[in-house]
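There are 2 protein chains.
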Amino acid sequence: MIHIDDLETPVAVVDLDKLEANITGLQQYLDKYGIVNRPHIKTHKIPEIAWMQINAGAVGITCQKLGEAEVMAQAGIRDIFLPYNIIGETKLEHLIRLARRIKISVTADSAFVVHGLSEAARHTASDWDPTFALPVFVEFDTGLHRCGVQTPAEAAELARLIKESPNLHFAGLMTYPSNVDTDPFVQQTKTLLQVEGIAVESVSGGGTPTMWQAHTHSEVTEHRAGTYVYGDRNTIAAGAMRVKHCALQVMTTVVSRPTAERGILDAGSKTLSSDKGGLEGYGLILEYPDARIYKLSEEHGFVDFSQCAHQPEIGERVTVIPNHCCVVSNLFNQIIGIRKDTVEVVWPVAARGMLQ
Amino acid sequence: MIHIDDLETPVAVVDLDKLEANITGLQQYLDKYGIVNRPHIKTHKIPEIAWMQINAGAVGITCQKLGEAEVMAQAGIRDIFLPYNIIGETKLEHLIRLARRIKISVTADSAFVVHGLSEAARHTASDWDPTFALPVFVEFDTGLHRCGVQTPAEAAELARLIKESPNLHFAGLMTYPSNVDTDPFVQQTKTLLQVEGIAVESVSGGGTPTMWQAHTHSEVTEHRAGTYVYGDRNTIAAGAMRVKHCALQVMTTVVSRPTAERGILDAGSKTLSSDKGGLEGYGLILEYPDARIYKLSEEHGFVDFSQCAHQPEIGERVTVIPNHCCVVSNLFNQIIGIRKDTVEVVWPVAARGMLQ
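Chains as they are written, first to last, in this note's numbering: chain A, 46 to 401; chain B, 46 to 401.
The following block holds chain A by itself, in its conformation from the complex (with noise of 0.2 Å):
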């Protein structure tokens, strides 16, 4: 058995325990509210996680790449979701492979994006199957300000589009995050195609700092959460998880007491990101929760130490929860399940930093 203090750091390690019971709990609160759970993986890139998030109930899954997605039918997946404009030559070829192996769908808002998944979806119909239909959603923009239509009438005229587009069907309207303006947005859009006979299969809404309200959104079918199987520092600070629920971890050594007040971790940019998504610092020490890590360089943490009661040794191994798990994961080739403390597996982020 190997011990976790065996373990070179820096090293991202998953307490297995916590994550079953993540995947498991939020799958219990949108099965009680009849919402289609259907899980992010861009968090943690691994397979037999994302199998494990289908086991325990969803539908099938989110991906935010070709490349993710790729990776994720070739592990067997056969229902993913990839809410991304698809656009060029190459990248539409390689969704209408996808498309041809399992079911995919994807999201559009614009025009341009409409008509390139049409003629994809054209092409592939006509020498493969000609009731070939690529689902497509609306994305709408509530506020995160990023992709998606500014207002119900072009949501509806978008949709109105995709329904007249050859080989493609309409799959209904997706935002990220849900929040309060997304129930009035959907109401509008579908008041606008209810005339024209056009219906709204399908609403998808998403995020994990909201995730425990998806419930208050009676017009959101299905959720997308990814960042809530491991949790972060930045999801304890919106609430929605505490730091006993935070199953990613980094391991690191202090490397340099340089000055009294002053630490050196092993775990700079490289390891930790340099998210810092309004907090302070660069992550939480659970063993010195009054240390402040107040700078990286690429393999460098920099902490000050000044306000703990007691300080640490050179040589001590500290556990940080990062800001953002989701960058962490991406860093690495390979996450340690442990439970325990003992490793139990050792799964490759198999889809990450893929050139697709």
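The hints are simulated quantities; they were obtained by calculation from the structure and are not laboratory data. Remember, predicted model here, so these are calculated numbers, not experimental data. Glycine included, C-beta positions come from ideal geometry on N, C-alpha and C. Hints may contain errors.
Covered stretches of chain B, going by a simulated chain A footprint (3 or more residues, C-beta under 8 Å) [to be verified]: (1) 204 to 217; (2) 295 to 302; (3) 309 to 320; (4) 333 to 344; (5) 367 to 376.
Now the stretches of chain B that chain A is said to cover, found in silico as 3 or more residues with beta-carbon under 8 Å [to be verified]: (6) 102 to 116; (7) 120 to 132; (8) 135 to 144; (9) 347 to 360; (10) 389 to 400.
With chain A held as given, fit chain B onto it using these hints.
Just chain B now, with coordinates in the frame of chain A:
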């Protein structure tokens, strides 16, 4: 032939002509002043580029992690400097395994680290080669306030300890970055050591932003630069390179234009990283230098095009020079080497994400 425009985005490409010119340029400069070149491979983590650097005249390489050194040793490189405090039984054993195969030197900034190194070296000497001596540099701090002893007196004391420790060899002094405080620190330390007859064989400095001032530090005998091979927006801001020298570029696609001002790129924090390094925004768009990448989510870049004379269409491909190339190359499984816009080589980023 694969044209750069046929690659799926986002993709990190390296212009091989520029890469070669960057490698040659720094080598010629250091040769002119008789400074040993020991480039830091943390920027690229690609064995073939490390060999290009050695073949151009570098004495060996610098690595920041044992895992990087392991990959480079397996690619045939025989002289590696690891300027890091190696701590803990597992890591020390790993270091010593490497030291049996190649010439590897390390640093220390505390007696704790020196004792660990000596114990590990003594152990391998006793069952392998009684004359074995691990070269150890003393790291000193000249203002970065990361690792390193704080005063010449501490440096001299640690040098003495290394010299007296079984199976260690005091190899010299090391700092990062080289700056105006470097020479005085070295001179004071040398004075303290001289009375005991301890010579300082080598003084290793480093840094890309100040690389063209390496010759102004008369005490520095060796220079370690990493970023210079690729170049980035930070290096341009420091005045050490120009846009035309930047070999690494991220090709991205405009996937959405939700409003008149806003555009969304398919490159987010998992492509460009969240590193800012004091800069405004997350990268320079070559085709739209007045655009501002003002926010990133994991796979989306938020761009304000309002200050641009003309604006891109959805589907347009644009080229981003990232803020910090070292963390960007670390996010890709492969880097695409191009020459005159066609693919010449696909390099796995072999030494990234290692659990070591």
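* **Indices of hints not satisfied (ascending)** => Hint 1 contradicted; others consistent.
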